[in-house]
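**Student:** As you go down the protein sequences, you meet chains A and B in turn.
Using my numbering, read the first sequence as starting at 1 and increasing by one per residue.
Using my numbering, read the second sequence as starting at 1 and increasing by one per residue.
Simulated from the structure, these hints should not be mistaken for laboratory data.
Treat each hint with caution, since some may be false.
[As the list claims (entries may be wrong)] The list that follows gives simulated cross-link-like pairs (lysine-lysine, BS3-like), each with its CA atoms no further than 25 Å apart: (1) K231/B to K164/A; (2) K294/B to K91/A; (3) K34/B to K29/A; (4) K164/A to K294/B; (5) K34/B to K104/A; (6) K104/A to K91/B.
[As the list claims (entries may be wrong)] Counterexamples of contact, computed for chain A against chain B with all Cβ distances above 10 Å: (7) K29; (8) K46; (9) N71; (10) P115; (11) D226; (12) L228; (13) V271; (14) D272; (15) P299.
Remember, it's a predicted structure, so these values are computed and weren't measured experimentally.
Think of the CB as a built atom: it goes at the ideal place given N, C-alpha and C, for glycine as much as any other residue.
There are 2 protein chains.
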Amino acid sequence: MEEKTLIFGHKNPDTDTICSSIVMEDFEKKSGNKNCKAVRLGKVNKETKYVLNYLGMEETPCIEDVEDGTNVILVDHNEATQSVDNIQNAKILKVIDHHTINFKAPYLLYYRTEPVGCTATVLYHLYTENNFEIEKNIAVLMLSAIISDTLLFKSPTCTPEDEKVARELAKIAEIDIETYGLEMLKAGTDLDDFSEEELINLDAKKFTSGDLNYIIAQVNTVSIDDVLKKKEKLEEEIKSVIERNGLDLFVFAITDILNSNSQIIALGDRVDIIEKTCKLENNTAFLEGVVSRKKQLVPMVENNI
Amino acid sequence: MEEKTLIFGHKNPDTDTICSSIVMEDFEKKSGNKNCKAVRLGKVNKETKYVLNYLGMEETPCIEDVEDGTNVILVDHNEATQSVDNIQNAKILKVIDHHTINFKAPYLLYYRTEPVGCTATVLYHLYTENNFEIEKNIAVLMLSAIISDTLLFKSPTCTPEDEKVARELAKIAEIDIETYGLEMLKAGTDLDDFSEEELINLDAKKFTSGDLNYIIAQVNTVSIDDVLKKKEKLEEEIKSVIERNGLDLFVFAITDILNSNSQIIALGDRVDIIEKTCKLENNTAFLEGVVSRKKQLVPMVENNI
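Bound conformation, chain A alone:
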């Protein structure tokens, strides 16, 4: 029996991370690596639950840590800060990703990143290159990931290739993209059950750039005002996260997926970085046309440090 391989995406898993880990398990098994298993590093969000429910699939198992020397495959991330805590002692066999690269490993591995909007688009290329069949449930998972990451092709991170692949997958999945996609995205905006603490952690990514440590968190909504009602308590929670983690900056983006805008709340000693782009009033600002953490919010920090 070959050694077990764990396949996972980033912490605070989103739909691309969960779906791509399950798809990658299928791809690995089709490639002959039978003893592999998709797992996750946190709670499944409501959007992803909608997808798994549509397919009648169970959630993948949640892991807290990996033992030293465990074989792992990373999907949808490459930076150690976004991965499992013990990643530096794991043996990374492959990375399949679509993010900027900040990666170091002292051994050889398979690394594949493409400049596209979603990991599932890269996975689709792996299937076609290898002439592997894409079954219907796998197509639904990949399509859902692309719809999620590109906000139904409206995000600036969306490339023509993502949309082309999504339309191919929709045929296999026998899904009407607009109808299914809007239902799926709306399912993800149901924030009622979440405490303020949970909201700011729902989709939070930590970044390190030189000496600067910051988090950009994001929630999708159909009503920015509904979320802003909780502003005071959200700020309390953000301040406590900043203190606990010694952060220089925390940006919380409330993104209106129907109109493609975001309201941000920014706190921390280095809010001056954000104020190089927009004026904060009471720690908050409305950003017209901003929906993408990767293409818009991260550069807003990185270009102004």
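Model the placement of chain B on the given structure of chain A, informed by the hints.
**Tutor:** Using the frame of chain A, we list chain B on its own:
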């Protein structure tokens, strides 16, 4: 007209770096990127000259630097220290490599590394995935790169995939691997024309690991003794490189390609790292079965820092 893309491998180019840059130019043109050009970052060695001569091909142009914002594709390397001096101001479109990864870029790109012995093996995969024809001269270039990097399949860096790909390429190239390969490798061991300064720079790679700065240089030969005759002058040159570059360690490996052993000369304040593996006498040691910088010499340093 689209912007020009320069394609190059590492400094101190070897056969894989030169051949893979030319092959990648062909691949890019077949992919529709017409305005691209293979270039090099240093002198073509005698082994590579043998290959180009066999094909009646000109050497690629040598560049010293790239202008800010130039589109580039890196083959056979990813670390900035091994690339063109101004790499941090270039726009890297793609990386095609087979080395360990120490890479950071603040923008999206295509990155492809596989755990194989040669960049040309990865390039072969790109051709087959895209159903691109491999013409005879391209097959000769790829085959030569694999023979060089794997020392005719005898290096521990050689994987079954490298050998499989080489045997496929040999059919297209209409080449007898053993005969051609031995002639090519022998052509590379003709060191007579080189000064001691040139010898230690012929295939030198610089590495940075935390605070440690070191170089591992390598020459291939059919007679270690012939090279060792120059030991005193080689040591003088090594000491001067250490001083000029503020290095902690310089390892010069003289590799016997017929018997697959190496004699090393190690100098610098941190020779203690090397002495954790082998005893140096008069700064030198014989390493049975050691032929690979990547799989044997680099780990000898990295595992003992």
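**Student:** Going straight from one Cα to the other, do K294/B and K91/A come out at no more than 25 Å?
**Tutor:** holds, 18 Å
**Student:** Does P115/A clear chain B by more than 10 Å, comparing its Cβ with all Cβ atoms of that chain?
**Tutor:** Label violated. Min Cβ-Cβ 4 Å, cutoff 10 Å.
**Student:** Is N71/A truly not at the interface, in the sense that its beta carbon sits beyond 10 Å from all beta carbons of chain B?
**Tutor:** holds, 13 Å
**Student:** Hey, does P299/A actually stay past 10 Å from chain B on C-beta?
**Tutor:** violated, 8 Å
**Student:** Holds or violated: is the Cβ of K29/A farther than 10 Å from all Cβ atoms of chain B?
**Tutor:** K29/A is indeed farther than 10 Å from all Cβ atoms of chain B, at 20 Å.
**Student:** Compare the distance between the alpha carbons of K104/A and K91/B with 25 Å, and conclude whether the hinted pair is satisfied.
**Tutor:** Distance ~20 Å between K104/A and K91/B Cα, so the pair holds.
**Student:** Holds or violated: K231/B and K164/A, Cα atoms, limit 25 Å.
**Tutor:** violated, 61 Å
**Student:** Are K164/A and K294/B close enough, with their CA atoms no more than 25 Å apart?
**Tutor:** This hinted pair is violated, its Cα atoms lying about 40 Å apart.
**Student:** Within a Cα-Cα threshold of 25 Å, do K34/B and K104/A meet the stated pairing?
**Tutor:** violated, 33 Å
**Student:** Determine whether the non-interface label on V271/A survives the test: each CB of chain B must be over 10 Å from its CB.
**Tutor:** holds, 21 Å
**Student:** Does the no-contact call for K46/A survive, Cβ to all of chain B over 10 Å?
**Tutor:** Non-interface label on K46/A holds, nearest chain B Cβ at 28 Å vs cutoff 10 Å.
**Student:** Would you check whether the claim that D226/A is not at the interface survives, using Cβ distances to chain B and the 10 Å cut-off?
**Tutor:** holds, 33 Å
Comparing the model with each earlier hint shows violations of hints 1, 3, 4, 5, 10 and 15; every other hint is respected.
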